[in-house]
Amino acid sequence: MLLASFERILPLRNPSRLADISLATTLLAWSEGTIGELASLLRAAATVAVGTGEERITEKLIKGLDWVPPSSRRNAVEALM
Numbered sequence: 001m002l003l004a005s006f007e008r009i010l011p012l013r014n015p016s017r018l019a020d021i022s023l024a025t026t027l028l029a030w031s032e033g034t035i036g037e038l039a040s041l042l043r044a045a046a047t048v049a050v051g052t053g054e055e056r057i058t059e060k061l062i063k064g065l066d067w068v069p070p071s072s073r074r075n076a077v078e079a080l081m
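Numbering (this note's numbering) for the sequence shown: 1 to 81.
Hints listed in this document are in silico derivations from the structure and should not be mistaken for laboratory results.
Model, not experiment: these values are computed from the prediction.
You can take every hint at face value.
With beta-carbon atoms standing in for the labels, derived distance ranges:
hint : residue 1 : residue 2 : range
1    : Thr52     : Ile9      : 17 to 27 angstroms
2    : Leu80     : Ala4      : 31 to 41 angstroms
3    : Glu78     : Arg13     : 39 to 49 angstroms
4    : Ile9      : Gly53     : 15 to 25 angstroms
5    : Val50     : Asn75     : 27 to 37 angstroms
6    : Ile21     : Met81     : 35 to 45 angstroms
7    : Ala39     : Lys63     : 14 to 24 angstroms
8    : Ser5      : Leu65     : 15 to 25 angstroms
9    : Lys63     : Leu2      : 18 to 28 angstroms
10   : Ser5      : Lys63     : 21 to 31 angstroms
11   : Gly36     : Met81     : 18 to 28 angstroms
12   : Ser22     : Pro70     : 14 to 24 angstroms
Glycine included, C-beta positions come from ideal geometry on N, C-alpha and C.
With the hints as extra help, turn the sequences into a complete structure.
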């Protein structure tokens with residue numbers, strides 16, 4: 001339901017089918033289950049989707065993002081301390 005809600009508000013011309021199991025699983029893994037990360041990830045993906053003219057979010061598009069999951073960012077900060 002959450003992914004369907006996001007899909008309704010994203011400014012994309014073509015359906016992304018975010019709730020399909022394969023894409024939903026990828027989104028969950030990359031956002032590590034947090035809504036704020038999911039929103040940021042989808043915003044970044046939608047920006048790329050519009051820029052490429054595809055106008056939809058796909059698993060390939062998500063995997064092509066320069067996205068660093070929150071745990072990796074946290075680990076990088078901790079390594080600096």
